[in-house]
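Undergrad: Chains as they are written, first to last, in our numbering: chain A, 1 to 285; chain B, 286 to 537; chain C, 538 to 773.
Please keep in mind that the hints were generated in silico from the structure rather than gathered at the bench.
Mixed in with the good hints, there may be bad ones.
Said to hold, decoys possible - Some chain C residues judged to face chain A by a derived CB distance under 7 angstroms, without partners named:
| id | residue |
| --- | --- |
| 1 | 540 |
| 2 | 570 |
| 3 | 571 |
| 4 | 574 |
| 5 | 578 |
| 6 | 579 |
| 7 | 582 |
| 8 | 608 |
| 9 | 620 |
| 10 | 624 |
| 11 | 628 |
| 12 | 630 |
| 13 | 707 |
| 14 | 710 |
| 15 | 734 |
| 16 | 744 |
What the hints assert, rightly or not - No more than 25 angstroms apart at the CA atoms, straight line, and that leaves these computed lysine to any residue pairs for SDA-like:
| id | chain 1 | residue 1 | chain 2 | residue 2 |
| --- | --- | --- | --- | --- |
| 17 | B | 333 | C | 584 |
| 18 | B | 508 | B | 384 |
| 19 | C | 584 | A | 181 |
| 20 | C | 584 | A | 152 |
| 21 | B | 313 | C | 563 |
| 22 | C | 584 | A | 45 |
| 23 | C | 584 | A | 33 |
| 24 | B | 484 | A | 152 |
| 25 | A | 103 | A | 181 |
| 26 | B | 528 | B | 394 |
| 27 | B | 508 | B | 368 |
| 28 | B | 406 | B | 473 |
| 29 | B | 484 | B | 516 |
| 30 | B | 528 | B | 473 |
| 31 | B | 484 | B | 436 |
| 32 | C | 584 | A | 275 |
Note that the coordinates shown come from a computational prediction; the quantities given were computed from them, not determined experimentally.
The beta carbon of each residue, even a glycine, is placed where N, CA and C say it ideally should be.
For reference, the chains in residue letters:
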Amino acid sequence: MSEPPPAIGAPALSARGSDVVPPPPPARGWARARVTGIALLGLWALVGAGTLLFLLSSWNAELFARYAPRYLSGLLVTVQLVAISIVLGAVLSVPIALGRRSKSRIVATLSYAYVYFFRGTPLLAQTFLVYYGLGSFRPELQAVGLWGFFREAWYCAIFAFSLNTAAYQAEILRGAFESVGRGQWEAASALGLSRLQTVYKIILPQAAIVALRPYGNEIILMIKGSAIVAIITVYDLMGETRRAYSRTFDFQTYIWAALIYLSIVEMLRLGVDRIERRLTRHLRR
Amino acid sequence: MRITRRIALGLSAAALALTIGGATAQEKLRIGTEGAYPPFNNLTADGKLEGFDVDIARALCEEMGVECEFVTQDWDGIIPALQAGKFDAIVASMSITPERDEQVDFTKPYYTNSLVFVAPKEAEFDADNVEGKAIGVQAGTIAAEYVEENYPDAELRAYPSQLEAWADLSNERVDAVLADFGVQYEWVNSEGGACCEFKGDAVGGDDVIGIAVREGETELVEKFNAAIDAIRENGTYAEVNAKYFPFDIYGE
Amino acid sequence: MDYTTLLSFGREGWGDDIASGVAITVSLALATLPLGLVLGFVVALGKRSTEPTLRLSANIFTTIFRGLPELLTLFLVYFGAQIAIQQIVRAAGGETYIEINAFAAGMFALGAVFAAYASEVFAAAFSAIPHGQYEGAHALGLSRWRTMRLVILPQLIRVALPGLSNLWLILLKETALVSVIGLSDILRQTGIAARTTREAFLFYGTACLLYLVLALLSSIVLSAVERRVSAGGAAR
């Protein structure tokens, strides 16, 4: 079998004959790859230098003094919002994940519908639905004493974000637990471990390794997703950025925000990498 | 019909991701406005623009003998969009401020304005004592700037458009809304604003509204100025004024 | 006004406006998909390259577009790129202007974000293909291009499809962000209706349902495609 496979659409190859062996791929691809790579790196360097030059040329000490504290407070709001939502979402995700595995069809269907709704619609639409949508039910909400909560944009944002991340976290949780084989449960019970001991000593440590990366990604997604709260009057980092821009019309306001977001996300990603390396150190040799 | 047209529009936008203008832009004057600021510029259920700004802009275009086309653009991006050439002039009740004047050129004022508070009728709202009160404004307006500068102990709530600020006032999420007299007047006299009334006197001093064009387009400014004078003279302005307000909005 | 009138297609209703919003959302997502797929594939090739400069460039790309909030990326493209292009044209002494409209800005910004995530999916799929496949193709005398097209790609698509389907569903939702820069998509049209009629729950609820329907339709199509693709190859 020295003939190439059906030479449909490849007359050039069959014409050349089968005795011509193509040169080993790296030989000429390498140089071209290097040229392209250097060109692309040059392009990135140009973008970086351009941004830096732009920031330097538009540097304005007065502007910085005025807006730096606001960016800081905006950043704090972003971090608080994400931290609270992630924690509340984590608590809420446990019953939902259990519900997904429930033997009761009603419970399972409801949990599935919950997850499908929150994963199937944009966070922005959910936030609007909670903030402006529930606003049109003020008399009803007042009657049941919930208006005090939904009156505040801050609580509405936390409410919407927690419900949203709970759906995603429930799926992470379910996936992680399902990744641990049945045999682990059986072996643990054969050793006479209680259910609680099995969960804590056997299942959780293994599930944690699987879940770590998705959890890290979820936090990153929340940080990025939280940039929309400015639209419902919460002054997070993005909100402060837009406020500064609408006053100064200076585009560097957006560049600063981009740099801050990039560094937080990068730090988080590196953090997750480190934790993962530590958790999986027994798997390496 | 309209749907298929919009699909076609969307697809042609996809195909022509970058549209190159320039020489052709001069024949048609594109007017940028917000479309969420009744009774000055707002969209109706069938997607048409209406309002004082829109009628004035139409009258000015007719006076100048140019064909006009309206482009709607959210408020917070309206100046960048003008600078980027997405339209040629902003007729959207924009106050002439020193900060904006650095970015764009303004025509002579086409009406005057003042800022005024609106709050629920039964609420006691005192503009001199707003500590801890939530004040709703539209983001990026002189009202937002005014609250920020003069009421540091009030809680500023900035909304993307004026309509959301009012919605939250009638829901009592904010204690008061600060905005231009003209829009507030329309709102308190509408069904939605029945809850509320003017509180206190106008604040913020004299404010004049002009048409913004890109910096250095002096010729266009001159043409607009001449047209404003002309419609003041020939009664068109008074007609449009009477259509929306029972008082003289031009001021002297 | 009752709800059926509000959602009708007549003069009084917002049905026609919302329907045009659906058309915009779908066309934006469909226009973004090929851009994101091709760019993502190219970036994945860069990541797998033996050339360190290529790997670095590809990694810078993913770091930026996965690290920035999509909303901010959108603003950077919509306003920033516009300003940059304007300055370049002016510096070159040109008079014309090149406009990046909201649709194009959305397409480029979301396309870049899609590509950043898709490159990860492709890279993972590449590493799932055993090295023997390349060696086999080489032994058969296939050129690099034909190896890619006839041997690697068909397997790659099968492995990458679930991940890409997921990215498509995310893309559909992320198109909602362009409403903020003024493109008349589902969320913007329902938003205008909501604030004009003060029936926020009705209209934002409708928006959510429409996105759900789009997601549902996509899943049906995608699972059909996945079935077809996996039926085409040998079961493993």
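Undergrad: Compare the structure with each hint and give your call.
TA: Structure-based check of all given hints:
no.	hint	verdict
1	540	violated (12 angstroms)
2	570	violated (17 angstroms)
3	571	violated (21 angstroms)
4	574	violated (19 angstroms)
5	578	violated (15 angstroms)
6	579	violated (10 angstroms)
7	582	violated (10 angstroms)
8	608	holds (5 angstroms)
9	620	holds (6 angstroms)
10	624	violated (10 angstroms)
11	628	violated (12 angstroms)
12	630	violated (20 angstroms)
13	707	violated (9 angstroms)
14	710	holds (4 angstroms)
15	734	violated (10 angstroms)
16	744	holds (5 angstroms)
17	333(B) with 584(C)	violated (50 angstroms)
18	508(B) with 384(B)	holds (24 angstroms)
19	584(C) with 181(A)	violated (33 angstroms)
20	584(C) with 152(A)	violated (46 angstroms)
21	313(B) with 563(C)	violated (31 angstroms)
22	584(C) with 45(A)	holds (18 angstroms)
23	584(C) with 33(A)	holds (12 angstroms)
24	484(B) with 152(A)	holds (24 angstroms)
25	103(A) with 181(A)	holds (19 angstroms)
26	528(B) with 394(B)	holds (20 angstroms)
27	508(B) with 368(B)	holds (19 angstroms)
28	406(B) with 473(B)	holds (10 angstroms)
29	484(B) with 516(B)	violated (34 angstroms)
30	528(B) with 473(B)	holds (17 angstroms)
31	484(B) with 436(B)	holds (16 angstroms)
32	584(C) with 275(A)	holds (24 angstroms)
Comparing the model with each earlier hint shows violations of hints 1, 2, 3, 4, 5, 6, 7, 10, 11, 12, 13, 15, 17, 19, 20, 21 and 29; every other hint is respected.
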